[in-house]
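Asks: Since the structure of chain A is already known, use the hints to place chains B, C and D on it.
Protein chains in written order, with my numbering: chain A, 1 to 172; chain B, 1 to 172; chain C, 1 to 506; chain D, 1 to 506.
Treat the hints as calculated values from the structure; they're not laboratory data. Any given hint could turn out to be false.
[Said to hold, decoys possible] Derived CB-CB ranges, DEER-like: (1) A:Glu23 - D:Lys452: 35 to 43 Å; (2) A:Glu23 - D:Arg40: 50 to 58 Å; (3) D:Lys452 - C:Ser325: 33 to 41 Å; (4) B:Gly151 - C:Asp37: 39 to 47 Å; (5) D:Arg257 - A:Gly151: 43 to 51 Å; (6) D:Asn193 - A:Lys21: 52 to 60 Å; (7) D:Arg257 - C:Ser325: 44 to 52 Å; (8) A:Thr24 - C:Arg60: 21 to 29 Å; (9) A:Lys167 - D:Arg451: 54 to 62 Å; (10) D:Gly222 - C:Thr332: 18 to 26 Å.
In this text the structure is predicted, and so the values were computed from the model without any measurement. The C-beta atom is built at its ideal place from N, Cα and C for all residues, glycine as well.
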Amino acid sequence: MSSYEFLIEGYDTVTSAVEKKGETFFVTIDNKVVEFYPSGDNLFNAFINGKRRLVAVARSQNGTTYVDIDSVLIELKEPSDDAFGSGAGDAGGEKDKVFAPMPGKIVKLLVAVGDEVTEKQQLVIVEAMKMENPVLCRANGKVKAINFADGDQVDTDSPIIELELAKQEQSD
Amino acid sequence: MSSYEFLIEGYDTVTSAVEKKGETFFVTIDNKVVEFYPSGDNLFNAFINGKRRLVAVARSQNGTTYVDIDSVLIELKEPSDDAFGSGAGDAGGEKDKVFAPMPGKIVKLLVAVGDEVTEKQQLVIVEAMKMENPVLCRANGKVKAINFADGDQVDTDSPIIELELAKQEQSD
Amino acid sequence: MKQLFNKILVANRSEIAVRVMNACRTLGVPCVAVYSDADRGSKHRFFADEAVHIGASPPRESYLDIEKIINAAKETGCDAIHPGYGFLAENPILVQRCIEEKITFIGPSPEAIRLLGNKVASRVKMADAGIPLIPGMKDSSVDVELYKKTAEEAGYPVIIKAAAGGGGKGMRVVKAADELEDALEAARREAKNAFNDDTVYLEKYIVNPRHIEFQVIADTHGNTIHVFERECSIQRRHQKIIEETPSMALDDDLRARMGADAVKVARAADYTNAGTVEFLLDETGKYYFLEMNTRIQVEHPITEMVTGVDLVVEQIRIAAGLELSEQVRNLTQRGHAIECRIYAEDGENNFMPSTGIILHYSEPVGPDVRVDSGIAAGMEVTIDYDPILAKLIVHAPTRELAVRKMIDALNAYKILGVKTSKKFMIDVMSHPEFMAGRTYTDFIEKHMNDRKLNLKVYQNIAVAAASVAAQAVPSSGAFSREGDTAITPSPWQTIGSWQIGDSINE
Amino acid sequence: MKQLFNKILVANRSEIAVRVMNACRTLGVPCVAVYSDADRGSKHRFFADEAVHIGASPPRESYLDIEKIINAAKETGCDAIHPGYGFLAENPILVQRCIEEKITFIGPSPEAIRLLGNKVASRVKMADAGIPLIPGMKDSSVDVELYKKTAEEAGYPVIIKAAAGGGGKGMRVVKAADELEDALEAARREAKNAFNDDTVYLEKYIVNPRHIEFQVIADTHGNTIHVFERECSIQRRHQKIIEETPSMALDDDLRARMGADAVKVARAADYTNAGTVEFLLDETGKYYFLEMNTRIQVEHPITEMVTGVDLVVEQIRIAAGLELSEQVRNLTQRGHAIECRIYAEDGENNFMPSTGIILHYSEPVGPDVRVDSGIAAGMEVTIDYDPILAKLIVHAPTRELAVRKMIDALNAYKILGVKTSKKFMIDVMSHPEFMAGRTYTDFIEKHMNDRKLNLKVYQNIAVAAASVAAQAVPSSGAFSREGDTAITPSPWQTIGSWQIGDSINE
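Bound-form chain A, shown alone (with noise of 0.2 Å):
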């Protein structure tokens, strides 16, 4: 039997315990156990209080595992340093920066330094795959500052806007 924990963001810590017999896996989760049959390359049957679910499960080489059960996209990431307990990872933290979703070109900015600026509010248009996309705010909060301008090309790394929260936010 193999032992694993998962610090779920916003919840508790999660222990799984997985025992392999056959070809089957039973994993045991808060004293439930799910049936694992393998049905083909990392596609399991599991059995969960006698409904079938077919899911999906893959690990990419730098750690994070993705899973699809019943259409619903799930990512696990294996801890680094940084990342580990600070609630940081793709969505979950650095609400205060906005990011490009992919590369592409700055079509125009929405907002200028100062602005006060509200969930939901579109803030630039980034063209991308030949679409115009709108990216939007993730929090309330005021445009600390713009480090790109219209027609410049962003990659995904560098914040094309940095936000100042407001103070419910913060605590998020």
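Replies: Relative to chain A, chains B, C and D alone:
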């Protein structure tokens, strides 16, 4: 580049040279080049004289390689001490021994010791998979020995019938 | 929509179990699989919402054990059972037990199954209904002389058949009087083994016949329709291997008359649910009732392809008491469909059964290509069950295009580790007589006997593929790869020695 | 049968290229793929009988370069070109070049493409033919005041559209007068980028409309028919994501009238080959001609599912000069078909484009489930091309059953490494308004805005799956597995520490 040598039953020795560039394999045989592009696990698109063929190839743990080309199944065996160079194989040699095609029950022996037999003649009926399967004679000859009786269970390793081959067959 | 059943138990295995579960999914009804020891890792087990282990590998200890099936249904709260084909599909005792347990049997009544399952009794019934029959014995007999007398009257050749039979088991064609006794003995023995019933009978053997069958569906409200014909003449040892629809032998008039007689047969038997009326059609356009099969048939998908009807969904709807919809009642045949059966058998060696572990498995995809299968890579094909591995079904605007599409599909269907008849079937469909639509039940005997495979053509490609595999493909074993001793040569240093071996009989 | 063409070049990529090649296979015509640098490892390249490299990844340097396409066709001896959809499919210059080079273009004439590709000119033509049009500008203009005046006359809301447009690009809805100028500017900019033509026009915006389109096919012998409608109202940012047929909004009378008008549109344009006439249908049953698309459309498979016609095969037959067959001329709608488009986009985060390497890929199978796709495990999804990865198409006797079947198919369609809108589409189809058939083009805006995904439900299963994966599944990289440092813990000794991260916006 790697090089392999194949002894083709009844034909000459064939030498192949394999070179991999990127994901593509270039195989040279008889001064002709065949390109193999991977197209999934065990699958390749083979381009031969501009014509595409989807080729499946897998190797079993005992060293046999199975190839499907245009629905033709070809087995290539790695040499073992006794088999290599002797013309042995499933069907290639041992025409003087009659085996069951699979484990089953002898329903009826159709010949007796001393009988003259001809190619394609039915020798014995073996029941397997709920069907009666006639076992055919693979060469002209005479029945030398019968090692089982009606109703016996047989496996595929022990010859049911042994023949003395007619002269012209032995040099085949 | 109200759920038609609470839960359906599928009392079968492999491709047909998966097929039935697909229909359950379509209707939103949860389904339960049963599986034997040999099927612990089988596709149908994992395709179901739940699965119940019902015993050891021999069919009598699992799939043929009526009480185990009934218990599995009761345990899991199933209120209906679909039997698939084979196993208990035409067993009236299962239907009776279902009735007693208040479980709906998705199929006809036990009375209809009993009547039609007995070829002798059903012949009498159908003769009364005015359906044309093949001349022969009116009843079974143990008296060899009666067989001889009937054979003389009908004229040789004659055929001996098992009364409880099906699938070619217990059948023997007799060409002359001196072969009759041996054939009778063989047919009885095979019938006894297959059905535990050695009752056989004799009738005239129709020379150069076609096997034409009509799909019939009937609801419990008195609506009985036919869903056109299937041509199943391409058979080896009385086992169908290639089926198609429409038949090249039927014009609109003949189709209408045979279809009307098929409906008449179903009505005469008080038939409900899906069934198939089999006819022999001779060269002059005369047809004879053979039997009615009281189950969904292996080749049902070709009917689905040309009519757009999901026959298994219809079976479940009918069993739930629904009426045939208007849509199903007004059908036309669109284009041409062909099915090829992939058996675990060696098409290059007299169709000998083939067993082994499936090292590689992949299926063709694309519009109008359908694969019904119950297997996967890593599975072992054993001698425990029927050797059907999969069915390829294609649909195209014309017969010629359908043939082309099927050849393409067969070439893209890859299975390594067990042998099949893929190449044999391609050669059948490429034969000028097949292309011309002259498909008679003796087709293979007549046209394929001299068939030879020239391996030489493939030799260099095989060597090339093996060379690539030696470098690129790890050796395969079931799901486990322990003990793998694959040779993975380094560049420039390996001169391996290999031998090409093949499975050709010469 | 005589081969219809010597060889067909498929001037496209990904799923539609594979789809067209499937039709070539059906007809027994060899096909040639073209591919760019980015598509060296793509499915369409290896699905063809031959393949020609035509340049760098940016479309202008490969798939949009007419001379490269023409040269590839000439080099490989192709006597026909199928353009698929997008890229050069509606480019009259390609058609003209084909005519000059004596290569058959599988599609309409350059005149028809020119006429129908210009929305302004085609409106004039169709108004003359008596087809109902949406009130708006009769012609394009650079005069902002004219837009304002027309908007006032037609009444807000109004919509601005690119004259050369399609696929939602260059479209802007304007709700009030003070938004007009900004919207005009944005629409022109997007039109310029997408089509290199910033001509736009303005018309009345129909509130709560449905998007209904009719498939039309016309041969070169004067036969023009419609193959029924498709309902494509479920759109996000004017991009269709779910299509179905039949439409819940049409009764037999309305279907007949709209179908007759669709045929009238095609005739007015002297149209041959396959095309689609788009209408807006308002709540009162009034319909307005939008445009005619002169290509095979993304959503053509649902029409094929309910009618049994292979539209791409018909395109090729028509291009070869054949007449529509009797079978195609007498069609009925059978059952219900739905298509879901799988885009590389994050359905949980405002449909942001998603890129990455596909770590795992598997597709649903079974009767009446079709997957048209151009991808495979190991491929990288880049920003170079249209983000459509695959299309799932299902067919079932009723709409309700088709929805159920589609949800099942989406759940069985597994792709890991890029994000999709699978769950979003499931939630759309599970919405009571969708189930009731109330599908309007504002459906997503109106009903899906408050949608939240409760990840908590899936948390423990995800943790369980990750635990199993840590033990059983090696980490995946494109085709290469070098540098793999997967953790494979031994029994009893591993306590890993993991963190669950998700992609939800809150």
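Asks: Do the beta carbons of Lys167 of chain A and Arg451 of chain D sit within 54 to 62 Å of each other?
Replies: 28 Å, violated
Asks: Taking 18 to 26 Å as the stated bounds, is the beta-carbon spacing between Gly222 of chain D and Thr332 of chain C within them?
Replies: Since Gly222 of chain D and Thr332 of chain C have Cβ atoms about 25 Å apart, the given range 18 to 26 Å holds.
Asks: Taking 52 to 60 Å as the hint, is the beta-carbon distance of Asn193 of chain D and Lys21 of chain A inside that range?
Replies: Holds: the Cβ-Cβ distance is about 58 Å, inside 52 to 60 Å.
Asks: Given the range 33 to 41 Å, decide if the beta-carbon distance of Lys452 of chain D to Ser325 of chain C lies inside it.
Replies: 39 Å, holds
Asks: Just to be sure I understand the hint, the distance between the Cβ atoms of Gly151 of chain B and Asp37 of chain C should be within 39 to 47 Å; is that true here?
Replies: 26 Å, violated
Asks: Thr24 of chain A and Arg60 of chain C, beta-carbon distance inside 21 to 29 Å?
Replies: For Arg60 of chain C against Thr24 of chain A, whose Cβ atoms are near 27 Å apart, the range 21 to 29 Å holds.
Asks: At the C-beta level, are Glu23 of chain A and Lys452 of chain D separated by a distance inside 35 to 43 Å?
Replies: 37 Å, holds
Asks: Quick check: does the Cβ-Cβ distance between Arg257 of chain D and Ser325 of chain C fall within 44 to 52 Å?
Replies: Violated: the Cβ-Cβ distance is about 26 Å, outside 44 to 52 Å.
Asks: Does the hinted range 50 to 58 Å hold for Glu23 of chain A and Arg40 of chain D at CB?
Replies: With Cβ atoms ~37 Å apart, the hint is violated.
Asks: For Arg257 of chain D and Gly151 of chain A, compare the CB-CB distance with the range 43 to 51 Å and indicate the outcome.
Replies: 49 Å, holds
In summary, the structure is inconsistent with hints 2, 4, 7 and 9 from the numbered list given earlier, while agreeing with the others.
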